[in-house]
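Engineer: Going line by line, the protein sequences match chains R and W. In terms of the numbering used here, the first sequence opens at residue 1 and continues consecutively. In terms of the numbering used here, the second sequence opens at residue 383 and continues consecutively.
Mixed in with the good hints, there may be bad ones.
[Unchecked claim] With a Cα cut of at most 30 Å, we get these calculated DSS-like pairs of lysine-lysine:
#	chain 1	residue 1	chain 2	residue 2
1	W	K536	R	K316
2	W	K416	R	K241
3	W	K423	R	K241
4	R	K240	W	K394
5	R	K291	W	K536
6	W	K536	R	K344
7	W	K392	R	K291
8	R	K344	R	K271
9	R	K240	W	K392
10	W	K423	R	K271
11	R	K291	W	K505
12	W	K505	R	K271
Derived by calculation from the structure, the hints in this document are not laboratory data.
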Amino acid sequence: MRAMVYRGPYKIRVEEKPMPTIEHPNDAILRVTTAAICGSDLHLYHGLMPDTRVGTTFGHEFIGVVEEVGSSVRNLVRGDRVMVPFNVYCGSCYFCARGLYSNCHNVNPNATAVGGIYGYSHTCGGYDGGQAEFVRVPFADVGPTIIPEWMDSEDAVLLTDALATGYFGAQLGGIVEGDTVVVFGAGPVGLYAAKSAWLMGAGRVLVIDHLEYRLEKARSFAHAETFNFAEYDDIIVEMKKTTDFLGADVVIDAVGAEADGNFLQQVTGTKLKLQGGSPIALNWAIDSVRKGGTVSVVGAYGPIFSAVKFGDALNKGLTLRMNQTPVKRQWPRLFEHIRNGYLKPNDIVTHRIPLEDIAEGYHMFSAKLDNCIKTLVIAHPS
Amino acid sequence: MPSTPYIANKPKDIPTPDELRARIPGWGVDFDPKDRPSYPKEVFDPAGTGAHWDYPEEQQNRECRERSIEHERLTPVFGTSAPLHGVSGAIRRYAYRYSEGRAAHWLILIFADRVDAWVSHGKSLASLRPDNPITETGVLSEGRRHGISSRLGKRRADVNHAWLDPIIVAGPWVAAGGVAVVAVRTLARRFRN
Chain R
1 MRAMVYRGPY KIRVEEKPMP TIEHPNDAIL RVTTAAICGS DLHLYHGLMP
51 DTRVGTTFGH EFIGVVEEVG SSVRNLVRGD RVMVPFNVYC GSCYFCARGL
101 YSNCHNVNPN ATAVGGIYGY SHTCGGYDGG QAEFVRVPFA DVGPTIIPEW
151 MDSEDAVLLT DALATGYFGA QLGGIVEGDT VVVFGAGPVG LYAAKSAWLM
201 GAGRVLVIDH LEYRLEKARS FAHAETFNFA EYDDIIVEMK KTTDFLGADV
251 VIDAVGAEAD GNFLQQVTGT KLKLQGGSPI ALNWAIDSVR KGGTVSVVGA
301 YGPIFSAVKF GDALNKGLTL RMNQTPVKRQ WPRLFEHIRN GYLKPNDIVT
351 HRIPLEDIAE GYHMFSAKLD NCIKTLVIAH PS
Chain W
383 MPSTPYIANK PKDIPTPDEL RARIPGWGVD FDPKDRPSYP KEVFDPAGTG
433 AHWDYPEEQQ NRECRERSIE HERLTPVFGT SAPLHGVSGA IRRYAYRYSE
483 GRAAHWLILI FADRVDAWVS HGKSLASLRP DNPITETGVL SEGRRHGISS
533 RLGKRRADVN HAWLDPIIVA GPWVAAGGVA VVAVRTLARR FRN
């Protein structure tokens, strides 16, 4: 089969790989129809995530058609069109039994601090991802869901991570009616988080980024007030000014490990890999939230230490909430919101490329060319 | 009279719920925390996940699979995308002697990642499909996807560090080439003498 393959930092190609096989009785093999490139894939692409091995296939956002199932699979049959959460999880461990699907303890031998994620390094379990023609899906009775007839395929693939994560990020904020919510990052997760904040009753939603075309999308898609941090001497002071010097009630970090805005953090975090990323957005979140407020973190960071302003978080009495998203928990409610017209996920898709062009797709997304916000990868045209 | 937060009142410029409901589709539909799917954080419901086992059957071929020493045992299911091999595999196996709490674990793994890439690039030169830095970096999209106009006059914050990327990608190869040239010259000089 054809698959995207990692060759080293900033280098990927499409090559022939052996077909995935049933390795466990509850496995399924999926013929991928559509995948997506996620902002967190760039952390792998840039060599930031420890134990990212040459030969690995990335891709944790994908949908497809069931090609083969293992002997113990009950809920799926060949030919089913399914969407797959980015979490690989067993459904039966201590954490899964409590709804913490992203923290499963039975799928990742390489680390205990993170569960299993498709195509996200051996630190996340060593599973190949869905930027390929076919992919192995463990625990087929637990993760995948048949795509409803009424659902757009592009909306389905966006539900496998980006939309679910943005919605989850807004929930972590514990938003109450009238709250002022600041979202750092106008990428897909930030846009969805901003949109979701309104559903939870926010009184103001402010989105911060340095890419004007993404801020324009934040205004039109998420009805947000926007701030380009590159245009201000100090974005924190600007946040204080616009909140009557109180600070925001809730701040969501939807950027993660490769935040811009501080040269030293960028060099030590993302170029020299001496931190688990450059925590600029997280530090700005701590600075711009009000005392007693909540910081929600859904931007992805690496496992190494980062230079976070923890003293300010303590002194301000903040609540810090974070996790990888337990995706399938979000789906029933998100399905309702899509059917009711409150959310239209694929409004943010800017590019659709064939699998063979994925190396250029990664560079375009990484370098933020061509007003790129979200790129879908077509593995098998449906 | 000073304003918030120097007095107890909340900021005055928050729109009313009616204004927001009229402007934002779905405003407030998840206002009740009970409508939020991740509230509360933990909900004990082992029957609701689709799992029909108490402990999953164990995947085969478990021998030699590396694991974190913070795990009591190898997990029943695991990925098999790129098993340990070669020099990088030996380095990685060494890294797994340290717990996830030790910086050594992660820094050695990152070093192994670089070794893996260098060895793979070197091996590819002797294969029918050597690595091609032009196609594999996707840099041709600079021309096809408006590389100049995407940056010029945009006041993007990333331009102050993006120039480092080509150095990170090509730097080790240029350095290795330089070392090779010096080594060949040195050997040639000794051979002549």
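Engineer: Now tell me, hint by hint, if it's right for this structure.
Structural biologist: For each hint, the structure was consulted:
no.	hint	verdict
1	W:K536 x R:K316	35 Å, violated
2	W:K416 x R:K241	34 Å, violated
3	W:K423 x R:K241	34 Å, violated
4	R:K240 x W:K394	15 Å, holds
5	R:K291 x W:K536	34 Å, violated
6	W:K536 x R:K344	28 Å, holds
7	W:K392 x R:K291	13 Å, holds
8	R:K344 x R:K271	36 Å, violated
9	R:K240 x W:K392	14 Å, holds
10	W:K423 x R:K271	36 Å, violated
11	R:K291 x W:K505	56 Å, violated
12	W:K505 x R:K271	25 Å, holds
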